[in-house]
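Q: For reference, the chains in residue letters:
4 protein chains.
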Amino acid sequence: MRYLTAGESHGPQLTVIIEGLPSQLPFSKEKIDWQLARRQKGYGRGRRMQIETDQVQILSGVRFGKTTAAPVTLVIENKDWKHWQKIMATEPLLEEAEKRRISRPRPGHADLNGAIKYNHRDIRDVLERSSARETAARVAAGAVARLILEECGITIAGHVVSIGEVEAQPVALSIEEMIDRSEQSPVRCLDPEAEKKMMALIDQAKKEGDSLGGIVEVIVTGVPLGLGSHVHWDRKLDAKIAQAIVSINAFKGVEFGLGFEAGRRKGSEVHDEIVWSKEKGFGRATNRLGGFEGGMTTGEPIVVRGVMKPIPTLYKPLMSVDIDSKEVFAASIERSDSCAVPAASVVAENVVAWEIAQSLLEKFPADTIDELKEQVTRYREQVLRF
Amino acid sequence: MRYLTAGESHGPQLTVIIEGLPSQLPFSKEKIDWQLARRQKGYGRGRRMQIETDQVQILSGVRFGKTTAAPVTLVIENKDWKHWQKIMATEPLLEEAEKRRISRPRPGHADLNGAIKYNHRDIRDVLERSSARETAARVAAGAVARLILEECGITIAGHVVSIGEVEAQPVALSIEEMIDRSEQSPVRCLDPEAEKKMMALIDQAKKEGDSLGGIVEVIVTGVPLGLGSHVHWDRKLDAKIAQAIVSINAFKGVEFGLGFEAGRRKGSEVHDEIVWSKEKGFGRATNRLGGFEGGMTTGEPIVVRGVMKPIPTLYKPLMSVDIDSKEVFAASIERSDSCAVPAASVVAENVVAWEIAQSLLEKFPADTIDELKEQVTRYREQVLRF
Amino acid sequence: MRYLTAGESHGPQLTVIIEGLPSQLPFSKEKIDWQLARRQKGYGRGRRMQIETDQVQILSGVRFGKTTAAPVTLVIENKDWKHWQKIMATEPLLEEAEKRRISRPRPGHADLNGAIKYNHRDIRDVLERSSARETAARVAAGAVARLILEECGITIAGHVVSIGEVEAQPVALSIEEMIDRSEQSPVRCLDPEAEKKMMALIDQAKKEGDSLGGIVEVIVTGVPLGLGSHVHWDRKLDAKIAQAIVSINAFKGVEFGLGFEAGRRKGSEVHDEIVWSKEKGFGRATNRLGGFEGGMTTGEPIVVRGVMKPIPTLYKPLMSVDIDSKEVFAASIERSDSCAVPAASVVAENVVAWEIAQSLLEKFPADTIDELKEQVTRYREQVLRF
Amino acid sequence: MRYLTAGESHGPQLTVIIEGLPSQLPFSKEKIDWQLARRQKGYGRGRRMQIETDQVQILSGVRFGKTTAAPVTLVIENKDWKHWQKIMATEPLLEEAEKRRISRPRPGHADLNGAIKYNHRDIRDVLERSSARETAARVAAGAVARLILEECGITIAGHVVSIGEVEAQPVALSIEEMIDRSEQSPVRCLDPEAEKKMMALIDQAKKEGDSLGGIVEVIVTGVPLGLGSHVHWDRKLDAKIAQAIVSINAFKGVEFGLGFEAGRRKGSEVHDEIVWSKEKGFGRATNRLGGFEGGMTTGEPIVVRGVMKPIPTLYKPLMSVDIDSKEVFAASIERSDSCAVPAASVVAENVVAWEIAQSLLEKFPADTIDELKEQVTRYREQVLRF
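Chains as they are written, first to last, in the numbering used here: chain A, 1 to 386; chain B, 1001 to 1386; chain C, 2001 to 2386; chain D, 3001 to 3386.
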């Protein structure tokens, strides 16, 4: 299973092609739209999120409500494109090109690196693609992966662990409760006390013209033991998830289970004892390692956290230098979100979903979804009886 | 450029095949052996490190001191194999197989997952491959990558940031000084105060039969701006490095620049202002983002940290369950390291080296090392003049 | 450089995403449309070719006439989709689904294999994707590759060598003359005598309700010496081209230079002597090996031929069996081409173009098209001076 | 499943690492050695084949006669390496390097292309790797793939269809008979009349100092319907086999079923009618398409042919040019085979085996060989009941 995304922030559309899906997979436009909608919510978002209310068009690979195994094309329109047609024209409108040229790179963006690497004198040729708008396409791909996971009894929840210096306290909830509560929280936080403080912090940042990052957590339950493999380093599933998380715009780190805390504790306080019962087979007494040992899933919930830096489009300007005149300027930004962490937790859920679905299809290659389900069921019994 | 590793912890040898090297690359056995030796040092290692003093054999792809562009085969012998020939026999010695069978999975290892996934009733069939012995092969591959980086003026240093609860204080050093000082430190720590405390902590853990993890940092200087790319998520170089780091045995997290701290700070305290001078061209006033923006290198030093959990082979036993009898047992281990963090920092350096060399060859495909160097030089001038 | 295609024969559109293009590449919709138009011409085509007059829409990756390095989205609409909306609906219209179900697999198509593999009881779920309509998407991708080749002085021609039993006689023409003459020929044949016979044969086949295959040849000039590599089997360029050719719908074989004739001749009549002159450097006295030695280009023209079987959609029916009733039936087809070989030669040109452009980007650095051109020029001088 | 090969013709050894095998696969050194031995036989081979009698060493991934799922390392020693140690030294023996330098490229080899591409002034740096000696490594990998196929009831035969102008007449034999008879034939030919003529032709060529190529055929029975896929061009299995065949040293073409003959026949004489019976399920009345439709297997035997050009190392010299002096010389060769076609048919069998085993593992879950077998059995029943 593989996919490519394409599309610019102010171009006509985002496009995703997903190749390698099993056939007969019930394909729900509503469920994909739901993930896209979740990505657009969240306290602290700017005005653009209200302009775009993303919906997916399915343009191939699905017939009468099910996949055919042919590549699936998903399109998400950029609703405000009509105002950008000239600026984003594919034709060589040279006058327009000259007039609209952006020569001022923003700190904290791909702007300068991208311009130099690809020899662009118009920084828009970088920023249109490096924009977080692209994450809508990745959410769409992840939402399709979730259709597979759902068929196999695998559930994903995401929530916000911290925004700025406000940290949520851990709460003991079932995954269904996590999903419900995070959905009702404007900042996708499970701890009501922290939620209030986070919202206050966002209000304050907005007032001061500053921005906030934070930490998000993704939990996956129902994952069969033994996805990924220890036999070669590039087949370890936790490492692939690490790549997926760090590749989300503005993410600067990732950790599993205890994560960085594991480096501070003693060995006797880090590992998970092995238990067994006739009913449940092998399991772990705790889940400090976040569902992975040896690059393979243990059958315990996957617990992965990622950190997002504050969005760099600041009201409070940073100094930068014009690429033409070499003059110093203050990189002020007209319009922006002050905190995108709640939305980022939705993105994180969906990129994790993709990796798990892919590793599922690597362990249980499947031309039809029924074959996959049958295999997973049979394997689960085998794990139980081991 | 790609590579495969093979070999078990107590088999005859580790083998690495590296395919896609440029020709005419000066190929130094000494430099590879040096990296292998560095991996075997470090305060807190167990006895095996003294048994094995790894040396590489070069069995293809190199002639008269230079690469020919043909695949390079590297072999590292396991010196104590002679004592393991029967236990590790490839022939079907069924009696031996039955006698030597291990049915007791250790917590914190790949043992149980691997046994169930691959249906092994002898856990040795898992642990021989999941052993950290394999990192010697990855170090060898990374050491070859360093030969390329060296030709292009790219330097890598690694050091230990913390062991258990002892954290080193940041020190302002050039990369050459870092390399020197960490090499002289038994725990690869740049801060002499912390070094002493770390050693004391290791002594104490050893006495208590416990083990310690910690955090390592890798710094890379001289990296050209623009490695990696923002155009598609799977081409972001920081994300690939994240995969490489998390795939090291026992690593549970990775972060770049400020890392998780970036989630706590305000936006105005996270990003790096852009500066320019005629002599140096574009640059950054600070390097909080650790050398990456938009998945591309900024030209500033790459700064990446990884966290290693304490090694799970504990004197102080954890409970586990026999896969045959289903009896609970205490997973005690005869012989082990109590802290492998210094060695892990060497592994981290070398897996990062591989990723950077590979992305260099993706940006500047090169059939000969001279073409590569010429291209890098020319591009650096172009970056300067932008 | 990679691409994915999506889309069904009677769905709304074909979609192509191309990822990994250099930036600053002049991007001509006209040139892509020209290749699409060429694919639709040819004596012996059925009515559908007159319905569809393919044009490409560029929906990402191009701005003001040049690539930005971001993924390029190309869309080719299926003009008659309006009549197929219900049959090809993505929604679960169960009544429609039942009514329109196809249970009769056609011999010579993917119908039966695809239905069984993917467990489709409606064969349309296979045939919509396995249709040769998909080759329009591959032509579009190849046309983009040609934009790169053109910048580097690489030229591609294709022509029809035989249709049924009529074989063209070899004619000595420059590549420009080949392009002109094949373009003017209704059957893309360079030999005017054979051309007439081919057309007569097609007329006769049509009358008899039969169909014709044939052999096409692709010639590429201006290819630098040394694309591909001998160092690992999966890097040989001729072998990759073989995959590309055989993957075209209905192609059953491929050969280079003398091809199968090389198996009949003696060694002294097969190889190409090496010559050298100060002006031209190294070259070959002949080109019997079709531009390849050791999986690498020799600098001589690439000459590759592929064979297409007659299209299986026959007026003259073959026996088959209904997948539901298991009743035998005669697989008659309402409407079809009787000979698609001229069009197939256009497809072959364009899939070869892709492979060459890709191998060019594997050998030469190319974040921008100017870097690529500069490198190719510099390398050509180096080859000359060797 | 993937593999890398390494090693030079006169270096110490060939090395293969195979990654991705299922566990519990019975692993027979004898069966691999048998394939290696078959490759070394054949009327018309030169003296070297008597020097080397290849045997494989298994250095990882196998324990007590079965795979563990860890990467398998196979080594084939070059027995005459002792005489080549200085010429093939990895150390910078500069005097030796200068003395032994080869500056005379042979026509029909990778020599000149490789030297220019990789900037080698010593052509040995090319020819050691481009040598057909490397096919021993590919045969070893294919022999491992055959272990998988054998478990799944898939059988492979190869034979020689023509040598020079002598063509074998088709004979109706079961695959077991083909295997027996070709094994007994000095030229691996099924037709006893042609066999005699082929041997006479080889004798004559040897006397005249000339060489011969020919055509080989590989047949695979027991392949489940539906390997490969029509949904994306790069997943078609016939096309992958085409790449594998053309990548064999000296191969210039490949065809399936009727192959090039399909271009000459009318549609009504090319396709295979579909039949059905309660006992056998769906099948084909004939097998003109060689076991493939739509890039997928039909369940009928795979029939693929490849053409090998005469080996270019001729007694009868071709003109070439010294890369240093630019003087013309006659490329005479001291020692060589006059016909390697019988051996090439063994290589062809084994590279086809690899592709089929790989596509089997892409379609069916297989962390263990038992899972694979169970799945294949279950799927075969499903195909029967369709």
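FYI, nobody ran anything at the bench for these hints, they're computed from the structure.
Careful: at least some of the hints might be erroneous.
Claimed, not checked - Pulled a few chain B residues facing chain C out of the computed Cβ check, cut under 7 Å: (1) A1069; (2) L1173; (3) E1177; (4) F1364; (5) P1365.
From a predicted model like this one, the values you see are computed outputs, not experimental measurements.
Backbone N, C-alpha and C define an ideal beta-carbon position, used for all residues, glycine too.
Q: Please name the hints from earlier in the document that this structure breaks, with their numbers sorted from lowest to highest.
A: Numbers 2, 3 - these are the hints that the structure violates, sorted from lowest upward.
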